[in-house]
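J.: Just need the whole structure built from these sequences, with the hints factored in.
Now for the letters of each chain:
Protein chains: 2
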Amino acid sequence: MTDELDLVFRALADPSRRFLLDLLFARDGRTQTELESELAMTRFGVAKHLKVLEEAGLVVTRRSGREKLHFLNPVPIRQIHDRWIDKYTEQHVTALIDLKRTLEEEP
Amino acid sequence: MTDELDLVFRALADPSRRFLLDLLFARDGRTQTELESELAMTRFGVAKHLKVLEEAGLVVTRRSGREKLHFLNPVPIRQIHDRWIDKYTEQHVTALIDLKRTLEEEP
DNA sequence: TTGACAGGTGACCAAATGGTCACCTAAATT
DNA sequence: AATTTAGGTGACCATTTGGTCACCTGTCAA
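Chains as they are written, first to last, in my numbering: chain A, 53 to 159; chain B, 53 to 159.
No lab work stands behind these hints: they were computed from the structure.
Hints are not guaranteed to be accurate.
You can't tell identical chains apart in this list, so a pair holds if it fits in one copy or across any two.
[Unchecked claim] In silico DSBU-like links for lysine-lysine, alpha-carbon gap of 30 angstroms or less:
#, residue 1, residue 2
1, K100, K120
2, K152, K120
3, K139, K152
T.: Here is the structure:
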């Protein structure tokens, strides 16, 4: 009943971790210390979250001296998408979302 | 720190719920009883999972007499995708995944 | 070389989660 | 009308999870 993407889904379940992904989506290559300052949490909590994201493959890291740089990896996100949206449905869905966005912009 | 897609991410975190989505992806419009038979769990557990999926908007339902029909809604999945993959990156990522798939097919 | 800085580990605790059960309502069947 | 069938509710329990802390290693700078 468990699958290979299990770690990815579990990683995405927490709002703090999604916020970390947002930060890395906005700007890649940040250190852990740099990311800590953005969360209302001790560095231990942030470190734990980054570890979960890294083990899920959503974040990849590179060591540079005593620093650890973090990068967003979008591949697992796309795999989630492809699991429940086939190439045919994709067009309808994106059209729907664009429509929704348009409607919300002009009230 | 919490966002509107919170329910969607939390719903996707559980393997049983993802399996239910797989079932509905394969064939829509099933009743709860029909779905129960596919899970190694009492009907109460399945009902709870379906409720979580419905509240997240991943599943929409329609009543028909005493039956409740379930349908997969792909829109939230696409929204997850769009959050961390911009139109430009999308091309690279899909190309990467296609490449990976090709390589795994021919060993 | 001494101290400051970046990061890692394991234990620990409160809160959330998955699953079951006793009990309920409403629709279909006989 | 009586029974079966589809589904819903709230309490309950075991396990998992998010977060903190004391303590550790390795790297850079004065």
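J.: If a hint holds in the structure, say so; if it doesn't, say that too.
T.: Evaluated hints:
1. K100 x K120: within (14 angstroms within a copy, 41 angstroms between copies)
2. K152 x K120: Only across copies: K152 and K120 sit 27 angstroms apart there, 40 angstroms inside one copy, limit 30 angstroms.
3. K139 x K152: The answer is both: 20 angstroms in one copy and 18 angstroms across copies each meet 30 angstroms.
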